[in-house]
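A.B. asks: Next come the chains, spelled out residue by residue.
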Amino acid sequence: QKEVEQDPGPLSVPEGAIVSLNCTYSNSAFQYFMWYRQYSRKGPELLMYTYSSGNKEDGRFTAQVDKSSKYISLFIRDSQPSDSATYLCAMSLTGNNRKLIWGLGTSLAVNP
Amino acid sequence: GAGVSQSPSNKVTEKGKDVELRCDPISGHTALYWYRQRLGQGLEFLIYFQGNSAPDKSGLPSDRFSAERTGESVSTLTIQRTQQEDSAVYLCASSLGRNPLAEQFFGPGTRLTVL
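Protein sequences appear in the order of chains A and B.
Counting from 4, one number per residue, gives the positions in the first sequence under our numbering.
Counting from 239, one number per residue, gives the positions in the second sequence under our numbering.
Hints are computed from structural coordinates only; laboratory data are not their basis.
One or more of the hints may lead you astray.
Stated by the list, open to error - What follows is a set of in silico ranges between Cβ atoms, one per label pair, in the way DEER data are often shown: (1) Leu-353(B) / Pro-115(A): 34 to 42 Å; (2) Pro-13(A) / Gly-297(B): 26 to 34 Å; (3) Ser-265(B) / Tyr-42(A): 19 to 27 Å; (4) Asn-337(B) / Ser-71(A): 24 to 32 Å; (5) Tyr-42(A) / Glu-252(B): 27 to 35 Å; (6) Lys-253(B) / Gln-4(A): 28 to 36 Å; (7) Glu-341(B) / Ser-23(A): 19 to 27 Å; (8) Ile-21(A) / Asn-337(B): 31 to 39 Å; (9) Pro-115(A) / Val-312(B): 37 to 45 Å.
Said to hold, decoys possible - Quick list of in silico lysine to aspartate or glutamate cross-link-like pairs, EDC-like style, CA-CA up to 16 Å: (10) Lys-249(B) / Asp-294(B); (11) Lys-73(A) / Glu-8(A); (12) Lys-102(A) / Glu-306(B); (13) Lys-70(A) / Glu-8(A); (14) Lys-102(A) / Glu-323(B); (15) Lys-255(B) / Asp-301(B); (16) Lys-73(A) / Glu-6(A); (17) Lys-295(B) / Glu-282(B); (18) Lys-5(A) / Glu-282(B); (19) Lys-59(A) / Asp-69(A); (20) Lys-102(A) / Asp-301(B); (21) Lys-295(B) / Glu-306(B).
For each residue, glycine too, the CB sits at the ideal point set by N, CA and C.
So here's chain A without its partners, still in its complex pose (with noise of 0.2 Å):
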């Protein structure tokens, strides 16, 4: 069993929905939460970063952590053609980016 698992998709929806993507994860000691988005040929860009449980928004953008069930996930509310993009989790259990567990991505498509 991998430490973080995440649905590779690809997941694909119409323009204005609202996604969900989401990592389970198998350490309960991780602390240290976040979400890149990468765009084809492109390096991960952070999007959202999140300490320990409970959720964070930005924008159309909601992190939450549910560390209870080892689960977290990334709501974009009002999805646009330019969110499509590879989504990434990573985590982990001390604040340093070289100690992080990355999934392996979701890859979504926002049809106009």
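Got chain A sorted already, so can you dock chain B onto it with the hints?
C.D. replies: What follows is chain B alone, placed relative to chain A:
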């Protein structure tokens, strides 16, 4: 301002050859990371440079892999005697300051194919 740049964008080589990949970080960023992104696998940390400190090489998969950085500027990742399993996208990232969780800014990557 300019982001992280990497060259070449694509590299095709034959098994057994050496390759050199280049990364130009954002000016002023003291931290520089190299990662590997293989098909069907998550990003793998390779090596980390922070200013003039000794690099963290803990992620290098074998002694065929090495990297250098001159001061706080350009870095090169060298893979000697390439193998087919080295085929991947090699990503470079830089960040500001010594915070180990500071936001990383990634380059577009070099796509390496070993035939």
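A.B. asks: Which numbered conditions among the earlier hints are violated in the structure presented, ordered from lowest to highest?
C.D. replies: Per hint list: 10, 12, 14 and 20 violated.
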